[in-house]
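Asker: One-letter residues, chain by chain:
Protein chains: 2
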Amino acid sequence: MLRTHHCAQLTKTNLGATVSLAGWVDSVRDHGGIIFVDLRDREGITQVKFDSALRAEAAQLKAESVIGITGKVESRPEAMMNRGIPTGEIEIDATELTVHNISETPPFPLTDAGGDKVNEDLRLTYRYLDLRRPKMRKNLAVRHRAAKSVRDYFDTQGFYEVETPALFKSTPEGAREYLVPSRIHAGQFYALSQSPQQFKQILMVAGVEKYFQLARCFRDEDLRADRQMEFTQVDLEVSFIDREGVYSLLEGMLKKVWKDVLNHDLPTPFPRLAFKDAMNRFGVDKPDTRFGMELADFSDTFKSSGFKVFASTVAAHGSVKAFNAKGLADITQGEIGALEEIAKSLGAKGLAFIKVENGEWKSPIVKFFSETEKAELTKRLNIENGDIVFFAAAPWERACAILGRTRLEAAQLLVKRGKMTLRADQWNFLWVVDFPLMSYDEEKGSYAATHHPFTSPVAEDVPLLDSDPKAVRGQHYDCVLNGMELGGGSIRIHQPALQKKIFEDVLKIPADVVESRFGYMLKAFTYGAPPHGGFAFGLDRMCALLCGTTSIRDVIAFPKTQKAQDLMAQSPTPVTAKQLKELHIQTVIPQQ
Amino acid sequence: MLRTHHCAQLTKTNLGATVSLAGWVDSVRDHGGIIFVDLRDREGITQVKFDSALRAEAAQLKAESVIGITGKVESRPEAMMNRGIPTGEIEIDATELTVHNISETPPFPLTDAGGDKVNEDLRLTYRYLDLRRPKMRKNLAVRHRAAKSVRDYFDTQGFYEVETPALFKSTPEGAREYLVPSRIHAGQFYALSQSPQQFKQILMVAGVEKYFQLARCFRDEDLRADRQMEFTQVDLEVSFIDREGVYSLLEGMLKKVWKDVLNHDLPTPFPRLAFKDAMNRFGVDKPDTRFGMELADFSDTFKSSGFKVFASTVAAHGSVKAFNAKGLADITQGEIGALEEIAKSLGAKGLAFIKVENGEWKSPIVKFFSETEKAELTKRLNIENGDIVFFAAAPWERACAILGRTRLEAAQLLVKRGKMTLRADQWNFLWVVDFPLMSYDEEKGSYAATHHPFTSPVAEDVPLLDSDPKAVRGQHYDCVLNGMELGGGSIRIHQPALQKKIFEDVLKIPADVVESRFGYMLKAFTYGAPPHGGFAFGLDRMCALLCGTTSIRDVIAFPKTQKAQDLMAQSPTPVTAKQLKELHIQTVIPQQ
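First to last, the sequence lines map onto chains A and B. Counting from 1, one number per residue, gives the positions in the first sequence under the numbering used here. Counting from 1001, one number per residue, gives the positions in the second sequence under the numbering used here.
Next up, chain A with everything else stripped away, as it sits in the complex:
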């Protein structure tokens, strides 16, 4: 090895020892003719002193150059001690210097602050420099530790990690997928696996019983801060398990990861919330429960109101809902306008509100309210001076969604004003359960699986599959943290007849399509499929949370841009005619 120690290792206990270090030049200082180099490696920094024939050469070193040195560990003069770092009491008096590589001047400062200020495209182009920044280095370390912790946990629990293929078959009805042309089978394609869902269920039929995998998955969807072309999913499936079993398994895993990575004790079990309650109280199926401002239903209150918009909504079986954005009466006209735009994008006609200023309710709609209605609002929403109350009157799900989003936006406005704190390290995990199995598309006149068609109905709801599919609850569960869905899963259907019924009778997928897409699964289920269920959640997103960043690109070593490009290695690219010919395809460039 080209070194005897790393750069965070040497202390006063090593005084007098001859050591070799290697790393990057963090800084060079000339201090009265003596050259001091802060030598940095992955672990830390050690000060190296050049007070000999090496001085001239050392003085030429540029930051980020790579060197190796040999020398003797000495105590620093008292005045030069830096007790803030582990090696701050010593320095190395260098007797040898090897220059491995001189560095050009980096295009941006390799400090946390320096990199944060520049355009992300520049960081991605020079990712090898960006990753030298302390926080990016820490993110890689956290990701390693988190993945190791997940694996250690499942190993201890008797799981096998089983690798499933990335090259799978095309299933065009799902999310958009990446295709891979076959050279051997002209005109045919593989699809890059969007998730190991089918394989993991097959593994249950195979008797593996406890499967997990940190699986690379691929989806050709439009990219955002929390979405990449390829991502890593912690994927698991267990036989002979019920929902309770999955909850405690996952809680155990998250508890271990949070302990191993953050040394934080997560309280378990996590609270549970039925889908309906989540919608009613928070207007969303992934509520951020770090703050209140819950939604309340006033349909009863306003069913005979003088305010006709509300009364007629209730008459049409819609809902009137409201919440109190506590202390946000100082909202600006512009902010209100932005909220209105959002509400409209969700199907609202406008966004009714009441501001309470100087003890007075200010709103064009208040004049239509009766005293009873006002009293009811005041009581249930605890309306005080300085508050603003937002309303939505619409079909139930839409009314919830409008206010759910408004509640989150209002919280951000309160945070901006310093009136609310949303701590990234307050870990409000919860389970959202009892989702409807199916949703009904009024326009198409057909049902769609809320999550996926393998989700098992709640046992007592199975008879409703024929009479009222909308009312059937699925054995699906989501793990939600601070307004984000970390992952989800379900108990699956293991009875071939029921699975076929869901495909053909409820989802109305033509029998030949069922056969070509899922025929092999239905067949597998006839050879002794155990009851089973599982879960999948995004490792990238979990790591982003653990690192306190909102972009998963910060926890992926080499992410693509939102335009799906690798700016460093430069891809995608055109390819040669020979390559295309071998794959039996040609390109069709759209006319500009």
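Derived from the structure by calculation, the hints contain no laboratory data. Not one of these hints is a red herring.
Estimated spans, in silico, between C-beta atoms of each pair:
1) B:D1116 - A:Q426: 55 to 65 Å
2) B:S1248 - A:A8: 22 to 32 Å
3) A:K500 - B:D1051: 30 to 40 Å
Beyond 12 Å from chain B on every Cβ pair, some chain A residues (computed):
4) T11
5) A296
6) S304
7) A315
8) E335
9) I383
10) E409
11) V433
12) L465
13) D468
14) S551
Even glycine gets a Cβ: it sits at the ideal position worked out from N, Cα and C.
Following the hints, position chain B against chain A.
Answerer: Just chain B, lined up with the frame of chain A:
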């Protein structure tokens, strides 16, 4: 959970306990009106007795059906005890029976022997049944344990596992790659990563210092028993390391894996063999050293021989080599013919040999040999009655290759005769080192990298790059086990100028191609690249060795066939016109 114990858990210590088990019906027996079911899960088998109202239902159970039972743990009658399995002294007197799924009759017996007899295509079509066979289940368990062991080792050694992208850029000059059309960038493509080579070197520039990954890699090459479209590589890279450092790192890893998986203590360090010696002694760069029959060079002996074929070969700077296939004089005419065919396929004109039977040397060429030549052969090859000696006279590398292959074939013939044993669990690891950096293609008149263009030359050979590139040794090393290459690696070039020189001056790659393919790496190296080196080896192949199987398909849950098909899920497939249009491609089906 649907069970309280697994099926290898209950013993006499549990007598009297009420327990629930779940699993597959391994067998059903009617024993004087009482029904006995062997219930099987991943862990083992427990006998369940139905001696109540449940008898009738239990009697109907078919093998491979999935059931759950509840009952009391009882002692078996002495005569029915089976001390060969952990649960052999007890049985469960069932009081409840839940039938989760009735199984059809499997298309082949789910025993080790039963599955081994059927066509592999049938096993792959019903992979979920094939994986229920004890040895396939064990293979999955071994693979999990081996991968975990590798990860534990590198974690302990301070490595970070860093995930690198599967969607990389096309590099058409290497092995054939899979292309992925881009939807967003019409006419452009990603390539599925063939190995993380470039990314891992970039991670060294990024200061990660110790990287590893169990990386999925993709190569569109013709498939064989030890090759799949996608495979898993244990990939690593370390900064500030030399060859000795890599050897001891890898030896430590393999020692741990063999201990964890097989409880076997591998002796370390592994022997080392220079490429030249490997070729001279074994005729191959991945020698099987479990047996002798080494090659010897007789060029000097025969340089003035009366046998003109040998003399003229030496005169033309070729080599005359021979080895003694000890005890194989009883080789048949047909076997000799087969060996000759192989020799010819490697460029030999024929395969000269001497059989020693009844004290007599039998061969058409012996009459040309002088007594001195015969004495030299006898002495150096220890020729005795019953032996057969094979010769090759050709340019050095070809002579080595011909006899290297003949030696392996001869060993197989000896094994067949029971005269030699080649134990799969005799672990003759070794390092093959000092490979030439470049090979010269006489026809093309150009050099090619023996391994890859990033391999660093041995320091003292660098001056030869200009004068005699063929003579330059590379800092490459292969880890070889029993005639197989488990993996390889090298110390890399970290100096941008030297890397550019190799690309442009030695390999003669046009500057614009270097720039478009590797420009970003050369640029990265100008920002402080540390000296670094690494290794990669096939996890699939290692697992096959650990499982004692010769086919990597036996250690991959869902392998493709040699025709690159998934017989279970049925892929590849044609796709829709809409999908192709979105990806800006169309298919071009070759005329039949």
